[in-house]
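Undergrad: Modelling step: build the complete structure from the supplied sequences, incorporating the hints.
Residue numbers (this note's numbering), protein chains in the order written: chain B, 1 to 63; chain G, 1 to 339.
Worth flagging that the hints you see were computed from the coordinates, not collected in a lab.
Heads up, the beta-carbon is just placed ideally off N, CA and C, and yes, glycines get one too.
Honestly, I wouldn't trust all of these hints.
Simulated pairs of lysine to any residue, SDA-like, Cα-Cα distance not exceeding 20 Å [as the list claims (entries may be wrong)]:
id, chain 1, residue 1, chain 2, residue 2
1, G, K7, G, I245
2, G, K197, B, K36
3, G, K327, G, N295
4, G, K269, G, D330
5, B, K36, G, I184
6, G, K197, B, A33
7, G, K326, B, D58
8, G, K45, G, G97
Here are the computed distance ranges between Cβ atoms for each label pair [to be verified]:
id, chain 1, residue 1, chain 2, residue 2, range
9, G, Y273, B, K51, 32 to 38 Å
10, G, R289, B, K36, 23 to 29 Å
11, G, L324, B, N44, 51 to 57 Å
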Amino acid sequence: MKNLKLKAARALLDMSQQDLADKVGVSRQTINAIEKGDYNPTINLCIAICKALNKTLDDLFWE
Amino acid sequence: MSGKTKKVLTASLIALIAFTVIIALAPKHGYGISMNTAVEVRDGKAFPENATHTFYVKASGKYSVRADWSNNEQPGFVTGFTLTDENGNTVYSISGGLLSFDTEPMKLKAGKYLCRLDYLCDEEAYNAFQRTNGLPEGMEDTSWFKDGEWFFGCNIKLYEADRTKDAVMICCGVIIALMLAFTIITLVTDDKSDASKYDERQVAMQGKAYKRGFFSIVLINTGLMVFSSLLGSFAQTGVYLMLGIVLGTCVTVTTQIMNDAYFRLDQNKKVFYILFGVLAVINAALGIRNILKGNAVVDGMVSFAGTANLFIGLMTVYVFAALLVKKIRDGKEACDEEP
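TA: If you want it as structure tokens, here you go:
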């Protein structure tokens with residue numbers, strides 16, 4: 001399932017996928033795969049993304 | 001890896017390559033003759049009865065003897081081959097219809113050696129030859145013996161065969177290949193960057209890729225075994241193994257490339273494009289050269305030595321093409337970038 005919350009949070013901060021990927025330490029394709037719903041990240045990666053976007057786990061990864 | 005370590009590694013690699021080249025260029029002694037012979041068998045007697053040739057071995061060492069008969073037609077006699085030294089001692093002897101052999105290495109001292117071919121026209125002559133040379137007597141099938149005239153060519157070679165040297169060369173070759181691969185990887189990897197690694201999604205995808213590659217190899221090798229047992233073997237065993245490995249590797253690499261799990265984060269991709277391009281050209285050129293020389297098919301079977309480079313070349317061409325396709329696809333794909 002697509003993660004539109006993540007995409008929206010990233011857009012809010014005017015961040016590209018590459019910017020977020022660099023901040024979190026993964027490839028751009030991984031961020032793309034998470035947003036498209038093609039990949040389920042581990043809890044550590046979820047936490048890292050949340051910290052980079054100043055959001056909580058509930059905000060980005062909970063239905 | 002520190003810069004100093006990289007320098008030491010590169011210097012060691014160069015030294016090992018130099019060592020291997022020196023061993024490879026060390027002169028090997030070899031002696032060969034080509035005999036074109038016409039033999040007539042009349043009333044159970046051969047004319048001429050035998051043929052001889054003298055070799056002068058200049059340096060003592062380990063030599064193998066190889067003989068190839070160029071005529072595929074079975075003559076009406078059995079050929080006995082003997083190699084004797086200057087004291088008349090038999091060093092090697094063998095007999096057969098269409099003589100073709102390649103001996104294990106044997107120690108030969110420097111000196112004169114006589115190479116003799118006896119044309120044995122009946123069972124009595126054959127048994128006498130076998131007895132003289134300590135070979136088993138008795139023939140199951142004596143229908144070979146017949147009158148007639150045969151013309152055939154024979155190549156006899158005495159060549160230096162040092163298994164120890166060959167083993168050292170192979171070991172050096174393997175070590176050089178591993179060191180070269182390791183050196184290239186460490187030289188293109190940026191130690192200072194924390195991004196010189198694969199992320200978790202890439203690791204997961206690599207696991208899938210290796211699994212697919214493994215099962216591909218199993219399926220391909222099973223298929224080749226079934227095919228060859230039903231329809232007859234068309235290639236040497238090494239060719240079957242090579243086919244499985246090459247095709248399995250292609251499956252693994254394709255999965256990794258198409259799912260962005262091949263390169264590390266921020267890895268220098270240009271070096272890989274150049275490297276694969278060079279490897280593809282070199283191996284393809286060697287493969288084509290083997291085909292043009294007629295080494296690819298030996299005795300009606302695809303040979304491993306003659307086709308290994310071609311398979312590797314085709315594999316590297318395929319990987320190079322897959323990388324290019326991915327690059328073009330990435331360029332065309334609308335990046336999901338928000339303004």
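Undergrad: None of the hints should be skipped; say for each whether it holds.
TA: Results of checking the hints against the structure:
As the CA atoms of K7(G) and I245(G) are separated by approximately 33 Å, the hinted pair breaks the 20 Å bound. Taking the CA atoms of K197(G) and K36(B), the gap is about 23 Å. The hint is violated against a cut of 20 Å. A hinted pair counts as satisfied when its Cα atoms are at most 20 Å apart, and K327(G) with N295(G) does not qualify at roughly 37 Å. As the CA atoms of K269(G) and D330(G) are separated by approximately 14 Å, the hinted pair is consistent with the 20 Å bound.
Using a Cα cut-off of 20 Å, the hinted pair K36(B) and I184(G) is violated, with the two alpha carbons roughly 35 Å apart. Note on K197(G) and A33(B): the hinted pairing holds, with a Cα-Cα distance of about 18 Å set against a maximum of 20 Å. For the hint pairing K326(G) with D58(B), the CA-to-CA distance comes to about 35 Å; that exceeds 20 Å, so the pair is violated. Simply put, K45(G) and G97(G) have alpha-carbon atoms about 16 Å apart, close enough for the 20 Å limit, and the pair holds.
Hint check: Y273(G) to K51(B), Cβ distance near 36 Å, so the stated range 32 to 38 Å holds. At roughly 48 Å, the beta-carbon separation of R289(G) and K36(B) lies outside the given 23 to 29 Å, and the hint is violated. Between L324(G) and N44(B) the beta carbons are some 35 Å apart, a value that contradicts the proposed interval 51 to 57 Å.
Hints 1, 2, 3, 5, 7, 10 and 11, counting from the list given before, are not met by this structure.
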